[in-house]
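Chain Z is fixed; fit chains R, S and A onto it per the hints.
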Amino acid sequence: MSSDKPLTRQQMAEIVAADIPDGAYVNLGIGQPTMVADYLKPGSGVVLHTENGMLGMGPPAVGDQIDPDLTNAGKQPVTELPGASYFHHADSFAMMRGGHLDVCIMGAFQVSARGDLANWSTGAPDAIPAVGGAMDLAIGAKQVFVMMSLFAKDGKPKLVPDCTYPLTGKACVSRLYTDVASFRIDADGVHLLDTYGISRDELAARLDVPFT
Amino acid sequence: MSSDKPLTRQQMAEIVAADIPDGAYVNLGIGQPTMVADYLKPGSGVVLHTENGMLGMGPPAVGDQIDPDLTNAGKQPVTELPGASYFHHADSFAMMRGGHLDVCIMGAFQVSARGDLANWSTGAPDAIPAVGGAMDLAIGAKQVFVMMSLFAKDGKPKLVPDCTYPLTGKACVSRLYTDVASFRIDADGVHLLDTYGISRDELAARLDVPFT
Amino acid sequence: MTATVVKAGEAVEAVKDGDTVLVGGFGMAGMPVQLIDALIEHGAGDLTIVSNNAGNGDTGLAALLAAGRVRKVVCSFPRQSDSWVFDGLYRAGKIELEVVPQGNLAERMRAAGAGIGAFFSPTAVGTPLAEGKETRTIDGREYVLEYPIRGDVALISAFRADRMGNLTYRKTARNFGPVMATAATVTIAQVSEIVEIGDIDPEVVVTPAIYVDRLVEVPR
Amino acid sequence: MTATVVKAGEAVEAVKDGDTVLVGGFGMAGMPVQLIDALIEHGAGDLTIVSNNAGNGDTGLAALLAAGRVRKVVCSFPRQSDSWVFDGLYRAGKIELEVVPQGNLAERMRAAGAGIGAFFSPTAVGTPLAEGKETRTIDGREYVLEYPIRGDVALISAFRADRMGNLTYRKTARNFGPVMATAATVTIAQVSEIVEIGDIDPEVVVTPAIYVDRLVEVPR
Numbered sequence: 001m002s003s004d005k006p007l008t009r010q011q012m013a014e015i016v017a018a019d020i021p022d023g024a025y026v027n028l029g030i031g032q033p034t035m036v037a038d039y040l041k042p043g044s045g046v047v048l049h050t051e052n053g054m055l056g057m058g059p060p061a062v063g064d065q066i067d068p069d070l071t072n073a074g075k076q077p078v079t080e081l082p083g084a085s086y087f088h089h090a091d092s093f094a095m096m097r098g099g100h101l102d103v104c105i106m107g108a109f110q111v112s113a114r115g116d117l118a119n120w121s122t123g124a125p126d127a128i129p130a131v132g133g134a135m136d137l138a139i140g141a142k143q144v145f146v147m148m149s150l151f152a153k154d155g156k157p158k159l160v161p162d163c164t165y166p167l168t169g170k171a172c173v174s175r176l177y178t179d180v181a182s183f184r185i186d187a188d189g190v191h192l193l194d195t196y197g198i199s200r201d202e203l204a205a206r207l208d209v210p211f212t
Numbered sequence: 001m002s003s004d005k006p007l008t009r010q011q012m013a014e015i016v017a018a019d020i021p022d023g024a025y026v027n028l029g030i031g032q033p034t035m036v037a038d039y040l041k042p043g044s045g046v047v048l049h050t051e052n053g054m055l056g057m058g059p060p061a062v063g064d065q066i067d068p069d070l071t072n073a074g075k076q077p078v079t080e081l082p083g084a085s086y087f088h089h090a091d092s093f094a095m096m097r098g099g100h101l102d103v104c105i106m107g108a109f110q111v112s113a114r115g116d117l118a119n120w121s122t123g124a125p126d127a128i129p130a131v132g133g134a135m136d137l138a139i140g141a142k143q144v145f146v147m148m149s150l151f152a153k154d155g156k157p158k159l160v161p162d163c164t165y166p167l168t169g170k171a172c173v174s175r176l177y178t179d180v181a182s183f184r185i186d187a188d189g190v191h192l193l194d195t196y197g198i199s200r201d202e203l204a205a206r207l208d209v210p211f212t
Numbered sequence: 001m002t003a004t005v006v007k008a009g010e011a012v013e014a015v016k017d018g019d020t021v022l023v024g025g026f027g028m029a030g031m032p033v034q035l036i037d038a039l040i041e042h043g044a045g046d047l048t049i050v051s052n053n054a055g056n057g058d059t060g061l062a063a064l065l066a067a068g069r070v071r072k073v074v075c076s077f078p079r080q081s082d083s084w085v086f087d088g089l090y091r092a093g094k095i096e097l098e099v100v101p102q103g104n105l106a107e108r109m110r111a112a113g114a115g116i117g118a119f120f121s122p123t124a125v126g127t128p129l130a131e132g133k134e135t136r137t138i139d140g141r142e143y144v145l146e147y148p149i150r151g152d153v154a155l156i157s158a159f160r161a162d163r164m165g166n167l168t169y170r171k172t173a174r175n176f177g178p179v180m181a182t183a184a185t186v187t188i189a190q191v192s193e194i195v196e197i198g199d200i201d202p203e204v205v206v207t208p209a210i211y212v213d214r215l216v217e218v219p220r
Numbered sequence: 001m002t003a004t005v006v007k008a009g010e011a012v013e014a015v016k017d018g019d020t021v022l023v024g025g026f027g028m029a030g031m032p033v034q035l036i037d038a039l040i041e042h043g044a045g046d047l048t049i050v051s052n053n054a055g056n057g058d059t060g061l062a063a064l065l066a067a068g069r070v071r072k073v074v075c076s077f078p079r080q081s082d083s084w085v086f087d088g089l090y091r092a093g094k095i096e097l098e099v100v101p102q103g104n105l106a107e108r109m110r111a112a113g114a115g116i117g118a119f120f121s122p123t124a125v126g127t128p129l130a131e132g133k134e135t136r137t138i139d140g141r142e143y144v145l146e147y148p149i150r151g152d153v154a155l156i157s158a159f160r161a162d163r164m165g166n167l168t169y170r171k172t173a174r175n176f177g178p179v180m181a182t183a184a185t186v187t188i189a190q191v192s193e194i195v196e197i198g199d200i201d202p203e204v205v206v207t208p209a210i211y212v213d214r215l216v217e218v219p220r
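Chains as they are written, first to last, in our numbering: chain Z, 1 to 212; chain R, 1 to 212; chain S, 1 to 220; chain A, 1 to 220.
With the rest of the complex left out, here is chain Z:
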């Protein structure tokens, strides 16, 4: 998808969905990544994992479908697709930690040029720390896709040379999808994949991170 304007959150979700291989096992993090499910092609065979113990998660449950025993990681009621399976928490995180998921999609506060991820704490001195499964997800999947706005409200870039927020995981992000540009990150550095309503030069001027 190309665009000459910054992407909406829906468009970002659509782009991410298009980059998920058919038949992949995928974990969608809480929040914006959840929207990716809406754009998976019917028949893609993508299987959703939820770390609270399920493969084959279906769409949100509505009305009579709502079952308090069947929720996603955000504790929202969901449904079960044919071919699903349930397992306990240690087995579920073994599945992630063991690298069996093809893709995990997460939000972020910051991503570094080396693929470091910061998405669990702003490091505010009075904040109550809470990490959930973020650190396990960050290191668990074969590929970690991050979705975020590229610039904070104050204009500061969130793709940074080094994360200033506390890390969730080191060198774990392989793709970064933002409203104005998407990137691939590997051992060689940051590679621009596409821009949306911003020029390559403007991007280079506004980021402290070199990219090819």
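Just so you know, these hints were derived from the structure itself, not from any lab.
There could be a bad hint or two in this list.
Using 25 Å as the maximum straight-line C-alpha spacing, the simulated BS3-like pairs for lysine-lysine come out as follows [as the list claims (entries may be wrong)]:
no., chain 1, residue 1, chain 2, residue 2
1, Z, 170, S, 133
2, A, 133, R, 170
3, Z, 156, Z, 5
Rough simulated footprint, nothing fancy, chain Z against chain A, three-plus residues with beta-carbon under 8 Å [as the list claims (entries may be wrong)]:
no., region
4, 112-119
5, 202-212
Here the structure is a predicted model, which is why all the values come from computation and not from measurement.
The beta carbon of each residue, even a glycine, is placed where N, CA and C say it ideally should be.
Then chains R, S and A, alone, in the frame of chain Z:
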């Protein structure tokens, strides 16, 4: 059970069975320990574990009961009792290693005065090493009962100050049942529980291990 | 020993002052609500609670915290929109908190149940939650050494039990229950239904009876 | 990626010379006989075989060994009344052997599947099988550090599969299958029956489809 003669293997099994608490979860090792099952009281509620993935193992399978998918650790066909459960090998050995079994009963080549167990290898230079689950069983149960003859065919005691055969586990045996005497072993040493057709003095004279 | 069927009040008498109590559930799914209520009534205090969250609203774990019975919470995610009870106690310095990544939390309890002395986990490497912990590079990857979390008592919720204590669960309410059942000295399960021995197919048992000490029937 | 349904011969093309192959089964229960036969026909050699035993009689694993395809066996119990093929190769110095206590064997594969870098096991402490291994005393108990065992390919036998690759097993034939499925890059399962997606209750799946790459139907 008292006896003024050395015990038969059947009598040893009967004595061991009588020492298993009602409702206990028990693993019976291959060979002589298997016989203990024949002497468990009906209604004792003792549940048998087999390390190849089952709780609630029943008696040996005969005739039409034989199912190649249902065997004990000795690979003999067995049956399933009501209330049984199946689990995989990692879960089965987690159950043992985690100390959840009440009693494990094993044979032995030697037991030391500290409760060291040697039952997997005679250390012969040309022997092919093979340990199976013996080392896991030795350290896994809350109590390890050993059944063996007290003296080898050449008259040498098998309850020894230090095992000369390669160890299966250290300080793991809590009860030792033999044809001529039974013992309790704890951090204080060896304690004689009963004799069968041998006097205490004769026992003391023939063993290099002090006991109370 | 095989499980005994008791009332919730009798079941939680196993909890003593100062105990570590593992509490199942992920949100409300799998939360042993009636056992927690009985624990509040029981009165044991100075507890360490190990659970994924640190209480929601004013009931359940939050009520236990509000009653001043909890010295420390070990969890992955204490901060939620309705965790005001915990938040207040924490900001007032009245409760200790150990935040553990969710997978390490589950695996540390699994290690306790499985007799593993410690394990090297790749989770949290390079983050504040690994600070002060032993690290090691194995086959080119960095790991943090994590230790078992054992409970004196586990309070879990399952779906169906037989009278021996074999358990099945329903959907994602399974979550921490099977792991916690292995990791505590005494495991208490509240279940929707208790059936006769032999009425659960041995192939579908999720928690074998060996892990369950007390059963409390709480029909839905 | 979800599983594909293929013939045994096509399935085992995943095995390359020099690979480590995990082979399920405990005795004949859960032994993937047809996959082993196909592997013999396939011809890959210089293999490391990880399995509980080292072959019985003259068929199956024993035939693979007899064909000279195996460089090393990792197992808990090679020596059996009818393990003459292995015995002969071993005594002739034509095959390497690593004996691993059965529970450590299972747990080391579990660690590989679960992303654990290494773990401290109490099994084998003070025995010849712990010689040369790192030890540590934790909370007053001695442990040996054990490392993961990963497979390039796992050959397992299950009872029923759906077309996605979800597996159930039968009785004690479950044994090493579920663990090996998690520990290999490519997992090949022979099953008695392949059913449609949705025909296996999600509550009773033992091996989730994510761990299964190829399915081979071998009706009993």
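Please work out if residue 133 (chain A) and residue 170 (chain R) have their alpha carbons no farther apart than 25 Å.
holds (16 Å)
Confirm or reject the coverage of the region 112-119 of chain A by chain Z under the rule of 3 or more residues with a beta carbon closer than 8 Å to the chain's beta carbons.
Coverage by chain Z holds here, the residue count being 5 at a Cβ distance below 8 Å.
Would you mind confirming whether the straight-line C-alpha gap from residue 170 (chain Z) to residue 133 (chain S) stays at or under 25 Å?
The hint holds at about 16 Å.
Next pair to validate is residue 156 (chain Z) with residue 5 (chain Z); report whether the Cα-Cα distance is within 25 Å.
Since the Cα atoms of residue 156 (chain Z) and residue 5 (chain Z) sit roughly 19 Å apart, the hinted pair holds (cutoff 25 Å).
Residue count check for the region 202-212 of chain A against chain Z: does it reach three with CB-CB under 8 Å?
holds (count 7)
In the structure shown, no violation is registered for any of the earlier numbered hints.
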